[in-house]
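Engineer: Below are the chains, spelled out letter by letter.
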Amino acid sequence: MDFLNAIVALSNFVLVPAIAYGSQLALGALGVTLIYGILRFSNFAHGDTMAFGTMSVILVTWWFQSMGISLGPLPTALLAIPFGIAATAALVLITDRTVYRFYRAQKAKPVVFVIVSIGVMFIYNGLTRFVLGADDQFFADGERFIINAREFKESTGLAEGLAIKTTQGITVVTAIIVVALLFWFLNKTRTGKSMRAYSDNEDLALLSGINPERVVQVTWLIVAALITVAGVLYGLDKSYKPFTYFQLLLPIFASAIVGGLGSPLGAIAGGFVIAFSEVAVTYAWKKVLGYALPEALAPDSLLQLMATEYKFAVSFVILVVVLLFKPTGLFKGKSV
Amino acid sequence: MKPTVRTFILFGLVALLIVGTGILQGWDLALVILNMGLVSAIMSLGVNLQWGIAGLFNVGVMGFVALGGLAVVLTSVAPVPDAWSAGGLRAIGALVLGAAVMTATVLAWKRTRNKWLVIAILIVGFVLYRMVRDPAVDAIEAVDPAGTGFLGGLGLPVVFSWFVGGLLAAGAAWIIGKTALGLRSDYLAIATLGISEIIIAILKNEEWLSRGVKNVNGLPRPVPREIDLQTDPGFIEKAASFGLDPVSASTLYVKISYGLMFAAVLIVLLVLAQLALNSPWGRMMRAIRDNEVSARAMGKDVTFRHLQVFVLGSAICGIAGAMMTTLDGLLIPTSYQPLRYTFLIWVMVIVGGSGNNLGAVLGGFLIWFLWVQVEVLGPSFMTALTQPLPDGSFLKEHLRDSVQHMRLLTMGVILLVVLRFSPRGLLPER
Chain A
3 MDFLNAIVAL SNFVLVPAIA YGSQLALGAL GVTLIYGILR FSNFAHGDTM
53 AFGTMSVILV TWWFQSMGIS LGPLPTALLA IPFGIAATAA LVLITDRTVY
103 RFYRAQKAKP VVFVIVSIGV MFIYNGLTRF VLGADDQFFA DGERFIINAR
153 EFKESTGLAE GLAIKTTQGI TVVTAIIVVA LLFWFLNKTR TGKSMRAYSD
203 NEDLALLSGI NPERVVQVTW LIVAALITVA GVLYGLDKSY KPFTYFQLLL
253 PIFASAIVGG LGSPLGAIAG GFVIAFSEVA VTYAWKKVLG YALPEALAPD
303 SLLQLMATEY KFAVSFVILV VVLLFKPTGL FKGKSV
Chain B
63 MKPTVRTFIL FGLVALLIVG TGILQGWDLA LVILNMGLVS AIMSLGVNLQ
113 WGIAGLFNVG VMGFVALGGL AVVLTSVAPV PDAWSAGGLR AIGALVLGAA
163 VMTATVLAWK RTRNKWLVIA ILIVGFVLYR MVRDPAVDAI EAVDPAGTGF
213 LGGLGLPVVF SWFVGGLLAA GAAWIIGKTA LGLRSDYLAI ATLGISEIII
263 AILKNEEWLS RGVKNVNGLP RPVPREIDLQ TDPGFIEKAA SFGLDPVSAS
313 TLYVKISYGL MFAAVLIVLL VLAQLALNSP WGRMMRAIRD NEVSARAMGK
363 DVTFRHLQVF VLGSAICGIA GAMMTTLDGL LIPTSYQPLR YTFLIWVMVI
413 VGGSGNNLGA VLGGFLIWFL WVQVEVLGPS FMTALTQPLP DGSFLKEHLR
463 DSVQHMRLLT MGVILLVVLR FSPRGLLPER
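Same order as they appear, the protein sequences are chains A and B.
Here my numbering is used: the first residue of the first sequence is 3, the next is one more, and so on.
Here my numbering is used: the first residue of the second sequence is 63, the next is one more, and so on.
Calculated from the structure, these hints are not laboratory results.
A couple of the hints might just be wrong.
[As the list claims (entries may be wrong)] Simulated pairs of lysine to aspartate or glutamate, DMTMM-like, Cα-Cα distance not exceeding 25 Å:
1) A:K288 x B:E269
2) B:K458 x A:E204
3) A:K109 x A:E204
Next up, chain B with everything else stripped away, as it sits in the complex (with noise of 0.2 Å):
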């Protein structure tokens, strides 16, 4: 079969599962899966571009995705002029300071070798940034702890925070990519783990940024609410032309618009992969990771381009991650979890074909289809197979209790039957 004819047929068969939810289960779970399956293929592009393409291995996607969601807040909500009084400038001034004492920790490195002298650094550097943080983060967090409790954001529309989301998270990778990219592919993939853990404690322990463990409800929406739209005498009317009820058309008109948002990003986002990907940059990105030494040989700057293809894959992650904030409307540090947000895009990606930019864009919806129909599929699969069973049985009971596991157990075991028999993904690379 001819790989674009098997794209075609893979990607409708992605269609017709997406349709076929909408006629069987309803069309709000349908747009649901959509939504979210657009959301998911943005990110294994990302991490495509990063392990396809580059054959770097980043398995702290999560903490990018996080600060994506950090960027919502951080850009949209409306600002607290109370904690900004209080501590606003002082906490600022206070991550300067930080910023400084390890520019300067690196600076002293580099110029003169001393160990002391950066030891010094560090702590007189630590010491002077708590005693000027940890006063104004006492005063921003003491301003109404129960409604805000933290800065606020800049007030922004909240689209402009998918960008800020690929920056912050791209800036981020910077950081990381200048100290760990040296390093082998597995140490690699325990610093990212790492980093991205680390990036989940500042959510959830920095208050005065994030409101912590208190979470974020009530962002700001780029489409309307569900509310005014039932309320909205022309929308009515206008759902009543469909032969809808105003809740139902409201709720549909809401998903649709977000889907189509987020399609237009996954289209820009593709295309400008897929010319990456064929320009003399895909190509010399392909010649590094297939064989470092003669690239380097060839006079390729390896180190650069492994940096330039980290960030661009992070920022494209932080740009999912806001999507998915704003497509929730509420930051929830703690629900960042590893499995879902790091490994399940690695499936993702290894599943759809690592280094071809429509598989992992496939990979994406299929992987995702899959993850909620086990939820939702599941419970009556399981009451089905534990049917003979005695009713009121301890096994019974625990069967269909326990059916919402059955979903990682599904996901490691698609994994595992792709990568035996299929190593390359459902799309290879060419």
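The shape of chain A in the complex, shown without the other chains (with noise of 0.2 Å):
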């Protein structure tokens, strides 16, 4: 029985992983949140656009990189952010000028808004991977740890290690100052609360004035900053394949609709529940049961509920259960 080594076990590969995997969620689930809200649709193109604004913002970290210029310990990449938020917040905005404005001023009904977006999507998908393949990219540089897990071992005498990623370290960083900022932007400025407002009731936002293609517009900016945002910090930590994006479509959906569509604060809190869920099902828990409990009930065997590969089961169940049994969420979103 170790409950220190199990402590440091838990954490090393549950909880960090986790809560940096949760941040990334957190944001990516944001914009779908506000694209739902104020937009009134589900965007199943919001996968490939992290891809693309990650894309972009590797292309100008190479860039970077060619010309000597770094952050040191930090990866360049978050220098190169602002210019991936500015190209995707241009092919958003032209976007929703040539294809959604039309559907809007039809006031088509969501679901066709829903199967444009897929067309929107194979457009995004086939512009990512013309531009930069198919492949994996790795685009991290700098330091590549905060706590090293031989360093750790040596200064605690413990027999385990804890490691945390700078990436790790800089996905919460970000992610809380994003996040701030964005509810800042919401709760404070009179264009946050414009989009408050028209997200809460359209019509009468219209009636007090507010101007709702500029509302979309700015909603749309909103997304492509945290969209970026999120897709580099997941592909910093982890690494950038435009398929694997693709396919982070369900937990974002899903940590959005289990925090309740249209509801920010949902969003996040459902980023984290599929997150923690995600790797605590596949996460095999014989190390750390083996130092917490009693030698004698030691398991033998790896104790994994599930293969990674089923990681989507654990997305997709959470979304069902939360679906029939609490169906606006946890935080009470809307539903058009």
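Assemble the dimeric complex from its two separately framed chains, guided by the hints.
Structural biologist: This is how it looks when you write it as structure tokens:
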């Protein structure tokens, strides 16, 4: 029995990765939830917008690296994020102008928007693969670890090491900054308030002279920023691959729906619920329990509830359970 | 233009495209397009039944197609006796146990509404299930892992697997429908997207069932092999009488045989779908689609009808999936990609005309034709386009190398253009 080691192992393999992953999902889900709140449809192109934003950042990062610009211990990609956001914002605004605005003017049904977003998804997907290909890309540089497993072991004398990657630290810090900025914007600024008003009651907002097109444009800008940051953080933490980003659609949507579509707070909570469940269900608990339980009870098998490939099942099951028993999500979302 | 005239012209155009491919690019390619076009048409018929006629937003088509593929393996591959004796019955027992646990959970919830009881049943059931399953699976996968490592199938004729594919997909659709069909349209979409990813994960991961990422090669075929035909003196003689050499004659013969079988299935399904569409049942489904509340007020059991049409449409996708795997002759779980097997089918339905069975079939052929041709003609198009660029320049190389990604772009543009300028598709619903 060795509680300290158990706690360290738990942090190392479950808590730290889940917190980082949860932050990434939360940022993604915030984008989904904003689009749902303001534009009132589920954007299937979200994952591919994320891939596009990350791709732009990767390209700028490579350019910086070739010029010898770096942030020292931090990844150069952080410096490139504003450029990526600008590129993504341009893309989504052009898309909105050429594609979505037409259907908005027609007051098309939400499901029409969803199908349109499938078309947009194809285009973004093709665009991303066309520019950077479909393969894995690594673009992280700088210091790899904040806390190194070996040094941690040496300094504490424990058998288990704790490693925190720089990317994980950056993810959490960036996510906190971005979320704080977002909530400040939504709650304190005039534009943010008009966005919330538009989301709550469209007709009333129009009556009070809020310009809907402007609200929509600002929404797209914010979504572009959120999704690019989320994509870059995920790419730094794991790796960039267009198909993986497409597949993130499911956990991101699950996060947004679990939290309650249209509720920013819910999106954050949902992101962490999904991330923690996913990591907990697919992690082999043998090591942690081996420390935590008395020797006689120590497990023989891996104690992995599900193979890693079944992580989608986790998002899905949580999604369905929430929808069946609490249809508006944990934080009262809306339903169109 | 009258709808029937329009239908004839558009179908004639597709026929012309395929024949033109045969004349300009060789009959082999034309038959490849035709055969997969037939399969695609069946898939889009299934999606059209769900979306076009009943308004159900199913983006889990890939999952049902993959289940059809699994059906081919489970039905037609010869059984592996060693694996069966190692743990076959136990593995089946584990599946039955798992199903029993789920049934018990649902029943317990319905009877008692006690969440602690339900959670307890789930946990105990899961532990029991793993205790029965894990040793069996390990034993099965240990039997000659390089050669088999799975249970194999029943060794039945491969055509029979098309029915099994339909049944398997229908069974899965029933379970999914029971849980997810009450959801709003875009929730249902996310749920079905999730289900299809889970089905693919099962196919990749459950090696004892499908060999997982090791793939199943050399599936039995309903038509003779090319090699056998090439050594058959009778066939060589026949080929010579048509002025063909045995090699190309044998490939054409095999492809045409597949094409005829697939066409038969498509015609049967199309006739059934048309009869259903124009029957009182079809009118009721459209009434439910157009106004659920008033249909309910008229005493229609909307939930049951949704479940019914969801199961039927998915079964059709399962049949098509089994046919496709039969045509390929191998099952590769990693090859199932949602863009190709879910969303492309959606493009077919929308472009063809949702709500119109003939439109869905037309869309299946047309979009499949374009999907193949963008890949085939894309490189030469790109070569021409990049001609003015200096040789060896980075941009020129890059553009020419990434031309294969053009098809996704093209499909997106086609979908958006059709949605914008002809939102009801090429052959609109009457």
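Engineer: Taking the earlier hints as the rules, which of them does this structure contradict?
Structural biologist: Hint check: 2 fails alone, others pass.
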